[in-house]
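Chains as they are written, first to last, in this note's numbering: chain U, 1 to 261; chain Z, 262 to 686; chain W, 687 to 990.
It is worth saying that the hints were derived from the structure and are not from the lab. Keep in mind that the hints are not guaranteed to be accurate.
Said to hold, decoys possible - Once the Cα atoms are required to be at most 25 Å apart in a straight line, the calculated DSS-like pairs of lysine-lysine come out as:
#1 LYS179(U) - LYS137(U)
#2 LYS546(Z) - LYS121(U)
#3 LYS84(U) - LYS146(U)
#4 LYS55(U) - LYS984(W)
#5 LYS64(U) - LYS179(U)
#6 LYS121(U) - LYS146(U)
#7 LYS248(U) - LYS64(U)
#8 LYS255(U) - LYS210(U)
#9 LYS546(Z) - LYS137(U)
#10 LYS111(U) - LYS82(U)
#11 LYS130(U) - LYS506(Z)
#12 LYS546(Z) - LYS141(U)
#13 LYS207(U) - LYS237(U)
#14 LYS67(U) - LYS55(U)
#15 LYS111(U) - LYS506(Z)
#16 LYS229(U) - LYS207(U)
#17 LYS137(U) - LYS203(U)
#18 LYS203(U) - LYS237(U)
These figures come from a predicted structure and were not determined experimentally.
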Amino acid sequence: MSNILEINHLTMRFGGLVAIDDVSFSVEENTITSLIGPNGAGKTTVFNCITGFYKPTIGEILLKTNKEFNLERMNDFTIPQKAKVARTFQNIRLFPQMTVLENLIVAQHNKLMDASMYTLKGLINARSFKNAENEAKELAKYWLDKINLIDRADIEAGNLPYGQQRKVEICRSMCTEPKLLCLDEPAAGLNANESLELNELLKFIKKEHKISILLIEHDMSVVMGISDKVVVLDYGKKIAEGDPNSVKSNPEVIKAYLGEE
Amino acid sequence: MQDKKNISLIVKDLIFTGLIAAVLLIPIVGLRTEISTTDSTGLIFNYNFLITFIVIAFVVGIRFLFHLYWFSKIKREQKEKSETDKKRFLKKLNLYLGIIAGVIAFTLPFMPFANRYVVDVATLVLTYVMLGWGLNIVVGLAGLLDLGYVAFFAVGAYSYALLSTGFDLSFWICLPLAGILSAFAGILLGFPVLRLRGDYLAIVTLGFGEIIRLILLNWYEFTNGPDGISRIPRPSFFGFPFARKSDGTTFHELFGLEYSTMHRIIFLYYLILILALITNFFTMKIRNLPVGRAWEALREDETACRAIGINPTNTKLTAFAIGAMFGGFAGSFFATRQGFVSPESFTFIESAIILAIVVLGGMGSQIGVVVASIVLIGSTELFRELEQFRMLAFGLAMIVIMIMKPRGLLSNREPSILMHTKKNE
Amino acid sequence: MEYFLQQLINSLTLGSIYGLIAIGYTMVYGIIGMINFAHGDVFMIGSFVSLIAMVLLGVGTGVFLPFALLVVLIAAILITSVYGWTLERVAYRPLRGSFRLAALITALGASIFLQNFVQVSQGAKIKPIQPVIQGGFTFFENGDLVVSLSYLQIFIIIITIILLSIFSYLISKTPLGRSQRACEQDLTMARLLGINVDRTISTTFIIGAALASVAGMMFVLYYGVIDFFIGFLTGIKAFTAAVLGGIGSIPGAVIGGLLIGLIETFWSAYFTIEYKDVAVFGILVIVLIFRPYGILGKPEVEKV
């Protein structure tokens, strides 16, 4: 299987602090890869480098879909647009005063801007734009249905309970029609039931939509339950990479989490 | 027992309030300095202790009312209206006020009490309403703190003045040109600064506003400096001038009416009304289009916008430029109505007033802008005599309204797209 | 060369005034993250209180000068501090935690209120005062060209230095200063550790107002005339100084003040005086565009 994402010798320095030190790993196409490690290991920093929010000090981040993209050189808003990489955030970032539906529609902004010829067609109510808008609504409806929130579509996103907000954020990312989905601690704050639902959702996304997923996670039930590969970071360095079971019994990994015997 | 303790606490608080008020007020209010008429060496005092005492008592009184209010709130079991009820109420209120305002606006000039003065004030109010709706695109929709909006008003007004006096172009050509120039100014000014955060953006736009005013004031060769540009041609009724006599047919001859200066006044009134309504309809329409939604999303969370592929700089620039354009249109109207423009009309305080209208009226409420304009500008005209007190009350109103309702009086946000409309429920 | 020297001396004086006001802006921004729009008007109030005190004491007409000036200084500091405290208590504290635009509008409202409060109470006309401190050292004289250092300028510069020393000691060595720095870093954590956040913030406003009032007194002495509107322009320039030096950094505010004093003085001296305000506004815009964190500030990395 080919790789969709290749991270080569990624290093990130903030002044004197080295957050990530020469990290290399890959994400295979159509798989779920989990990035784990103790707090402060640098996981979110890796994410921010992949999604363009930080510019890495050294290193290369290659996205290989129909074209090859050097993500380390791209802007944070160009990456979702051109490279089709979507991400969610550790602290949920929905648009709280907008409704759930609006959140999902605004995610399809670029598509709709093209369809409306930069708004001009929209101003004259052109048929083609109306069609594009209806399609966007249908896509939103599809995802809302998958997370059972269609009847809450017109509620302000900020008023939803935490677990539902998480799911909406994931669906919003899906509405950007990505090839690679990066999730930052999607299970944080979810109870056991909700974690199971999350697992099902992610498996569905991978299987039915052939989307590759990279996620940061602490919840081992999620990591072990659905990952095809696990990468472990500690103090900014990679200490293990492999399938979940072999990583689980890797002594280095155990030491990092539990300390020395 | 509890009540006794409460009463002593309240009394102590009132005494404290009185002391603070005394320290604040006695020097500034009580000891008024005047330039001495007797000897030329300087200032003498004009003692105002009675007024000072009255104001101190007033302040203590207000504080006392505060305590009463808190007291009653605790005693009474407040049945708090639910969130959805409040929203429904606000939505209805916005709608009804909109209808009433619309009806009044269209019929005003023909009402029995509508003399020249009334129509003039209404025209002024409508100018501010249009400016408020224009700024609302920048501040209300896109969430960009702009403290220099008056700059675009000025660019529009001066563009119109220079184009019409310099090149003899008609109103209907100058208006769009002035708008385009203002939009241009918006892009020029916006481009370097729109990546700045909240407060910084506010200060930088304030700086730009002042720079433009100072340039208009000092660049004598181009703008005539403090003298301003005068003899700006008045508008005509699509070619028919509002004059007693003219080379061609005049307006009153066309309609078989007796000549009256009111014709032009009423025409100007409807002109600004139409311009303002265009601004309003544009705003309502663009909210339902991708760019409008992107503005609102940008206002809520810029980082999330980046993560879904929205280019924040371009999106903000668009809001800024379009807001500037409407400001420019308003400026053109202003120039042709007055027949004269000078830098004095474009001070920072105007930007502050327009911003206050948008925020006090209520974020997201179009009719809120109208209400705020009527209250702030309309009351100005009524209390012309007490000009100084007007601004004092204005500043106080800004503080009080923000403390009580940080989102503005009539704030209400309608979603721009619904999954379940009334029909298919 | 001599002309240059004179401008240098003048700019030190002007810069001291701006620096004192700039500290107030920078401290408030550092601790609660808002721009205290009304700070310039607090400076203006300080100048009026100084003026009134001077007239009350008959300064300049035989009263023992150093003693009288000391009394004026103390009165100005005390009364203006109460203004600063009241401003925070009434207009800003209720909105702490609310969204940015509300805080901005209330600050604007406070600024408008203070300006008009003074206008209504004291009249809109300018208030001139006879020169109080006269004379000085003349280093060079050649017809029109004079290089002098007046007693007044020495007075201003020395008072500024004394105040800044007291103030730095306060900030770095006392518990008050520590609480303040803690609040600047992390307000919630400071509160959880038992720091009285409300009192620390109030104190910040009081200190800012006190320094601004000293600047106000200097202004009255130096320019000899004030009106209710001086707060706006001087305030913006002082804010520019704070931004130039690095908003949130107190040494930055002082350096920024001196720089703005230099720029304004030299621009008026060597270019045109009409556009001197444009020069300062221009600096503000340029700094915010190219280096918003100022000279002594560090670029903020946003945590995503």
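Structure-based check of all given hints:
1. A distance of roughly 21 Å separates the Cα atoms of LYS179(U) and LYS137(U); the hinted pair therefore holds under the 25 Å criterion.
2. Of the supplied pair hints, the one linking LYS546(Z) and LYS121(U) holds, its CA atoms being roughly 12 Å apart against a limit of 25 Å.
3. At roughly 21 Å between alpha-carbon atoms, LYS84(U) and LYS146(U) fall within 25 Å of each other, so this suggested pair holds.
4. Using a Cα cut-off of 25 Å, the hinted pair LYS55(U) and LYS984(W) holds, with the two alpha carbons roughly 18 Å apart.
5. Distance restraint check for LYS64(U) and LYS179(U): the Cα-Cα separation of roughly 10 Å lies within the 25 Å cut-off, and the hinted pair is therefore satisfied.
6. Restraint check: the Cα-Cα separation between LYS121(U) and LYS146(U) comes to about 32 Å, which exceeds 25 Å; the hinted pair is violated.
7. Between the alpha carbons of LYS248(U) and LYS64(U) the distance comes to roughly 29 Å, so the proposed pair goes past 25 Å and is violated.
8. Taking the CA atoms of LYS255(U) and LYS210(U), the gap is near 35 Å; set against the 25 Å cutoff, the hint is violated.
9. Restraint check for LYS546(Z) and LYS137(U): satisfied, since their Cα atoms lie roughly 18 Å apart, inside the 25 Å limit.
10. With a C-alpha separation of about 12 Å, the suggested pairing of LYS111(U) with LYS82(U) holds against the 25 Å cut-off.
11. Restraint check: the Cα-Cα separation between LYS130(U) and LYS506(Z) comes to about 53 Å, which exceeds 25 Å; the hinted pair is violated.
12. Between the alpha carbons of LYS546(Z) and LYS141(U) the distance comes to roughly 23 Å, so the proposed pair stays at or under 25 Å and holds.
13. Only pairs whose Cα atoms come within 25 Å are accepted, and LYS207(U) paired with LYS237(U) is rejected, the gap being roughly 31 Å.
14. Distance check on the hinted pair: LYS67(U) and LYS55(U) sit about 21 Å apart at the alpha-carbon level, within 25 Å; holds.
15. Note on LYS111(U) and LYS506(Z): the hinted pairing is violated, with a Cα-Cα distance of about 58 Å set against a maximum of 25 Å.
16. With a C-alpha separation of about 16 Å, the suggested pair LYS229(U) and LYS207(U) falls inside the 25 Å cut-off, and the hint holds.
17. Using a Cα cut-off of 25 Å, the hinted pair LYS137(U) and LYS203(U) holds, with the two alpha carbons roughly 24 Å apart.
18. Distance hint between LYS203(U) and LYS237(U) is unfulfilled; the C-alpha atoms sit about 28 Å from each other, more than 25 Å.
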